[in-house]
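Protein chains in written order, with my numbering: chain A, 1 to 115; chain B, 1 to 115.
Derived from the structure by calculation, the hints contain no laboratory data.
Note that this is a predicted model, so its numbers are computed, not measured.
We treat Cβ as the ideally placed atom computed from N, Cα and C, and that holds for glycine.
Don't take each hint at face value.
To be verified - Non-contacting residues of chain A with respect to chain B, defined by C-beta distances greater than 10 angstroms in every case (computed):
#1 Leu19
#2 Asp26
#3 Thr79
#4 Ser88
#5 Leu112
Unchecked claim - The calculated BS3-like cross-link candidates involving lysine-lysine, where the alpha carbons are at most 27 angstroms apart (straight line), are:
#6 A:Lys7 with B:Lys102
#7 B:Lys78 with B:Lys102
#8 B:Lys55 with B:Lys73
#9 A:Lys65 with B:Lys55
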Amino acid sequence: SAVISQKPSRDICQRGTSLTIQCQVDSQVTMMFWYRQQPGQSLTLIATANQGSEATYESGFVIDKFPISRPNLTFSTLTVSNMSPEDSSIYLCSVESTTRGDEQYFGPGTRLTVT
Amino acid sequence: AQTVTQSQPEMSVQEAETVTLSCTYDTSESNYYLFWYKQPPSRQMILVIRQEAYKQQNATENRFSVNFQKAAKSFSLKISDSQLGDTAMYFCAFTHGTSYGKLTFGQGTILTVHP
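The following block holds chain B by itself, in its conformation from the complex:
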């Protein structure tokens, strides 16, 4: 069975600064995908970034980037130039190639960006 662990229940950062959210996972699969989702107070789940396990290059989407360490089974999210609109719950999630759609989520990290 796959597990996803987010060890930081809450984080805070000043506007314009950088913050890193941690995620570790456990799987015996070789073909899998990792995601970070954002859930603001409106509760709409928004896909932030996606990483394919077979790609060594870390994914980047504007101010969001990941540090994917496959051997360590670590998948952290870095948010640069934090904005007030980044305040949300962030979930790390996993799916594997033989079971698309069955997302396994971590417990979530509440991120607060302070002005």
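Bound conformation, chain A alone:
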């Protein structure tokens, strides 16, 4: 399985500011994914990031609010823009398995609190 790291692990941010979350994988992967987990809730897919193309966003998520970069096959960033308290969540990146495309491995998550 892939080893995935995320930075920062947690942050407390002011309303109206932006935070960029980094996701680094120890091997090259085609597809990376960003999920949001609101307090006490399940995970919801924000977008799929393929290297060399625009990210594909799920219903309810827009690029202006959650811009994503995917500059190479081992790295991606998610920015949470113009934050409000409702953005307080855990943000997780995941990657597809290189042996079983249906499986995903997750990073440790970034806990964001917006005050």
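We have chain A; now place chain B onto it with these hints.
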């Protein structure tokens, strides 16, 4: 659209005993995969077990096994010889063959193992 339902918000079990977590799903797809993920307090999502829909044989991973009832669209997780380290949130998840990576999660079940 696919839906995944976990009807047990919380479960508890004594150490060394067996517990079963329930999951039902709804889909019109024929080629799909089901998963159980574990999220301990550290919040790292860990893949516990995977089931391919076209396989009738139930998946098993050490103390973890599933009861996959395709006609009933049921996918329960059995944990045998429960250990304190099994205490976590457990998520049932689904993806289908034409949309790898788009995991749909259930609401989660908090499992507490008591000594």
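Hint by hint, here is what the structure shows:
Residue placement check: Leu19 of chain A keeps its beta carbon more than 10 angstroms from all beta carbons of chain B (closest about 18 angstroms). Interface exclusion of Asp26 of chain A from chain B stands, the closest Cβ pair being 15 angstroms apart, more than 10 angstroms. No Cβ of chain B comes within 10 angstroms of the Cβ of Thr79 of chain A; the nearest lies about 21 angstroms off, and the non-interface call holds. Distance check on Ser88 of chain A: its Cβ is at least 14 angstroms (rounded) from any Cβ of chain B, clearing the 10 angstroms threshold; non-interface status holds.
Separation of Leu112 of chain A from chain B is adequate, the least Cβ-Cβ distance of about 12 angstroms exceeding the 10 angstroms criterion. In summary, the hint linking Lys7 of chain A to Lys102 of chain B is supported, as the alpha carbons are separated by about 23 angstroms, within the 27 angstroms threshold. A distance of roughly 25 angstroms separates the Cα atoms of Lys78 of chain B and Lys102 of chain B; the hinted pair therefore holds under the 27 angstroms criterion. With a C-alpha separation of about 14 angstroms, the suggested pair Lys55 of chain B and Lys73 of chain B falls inside the 27 angstroms cut-off, and the hint holds.
Taking the CA atoms of Lys65 of chain A and Lys55 of chain B, the gap is about 41 angstroms. The hint is violated against a cut of 27 angstroms.
Violated hint for the displayed structure: number 9, the only one.
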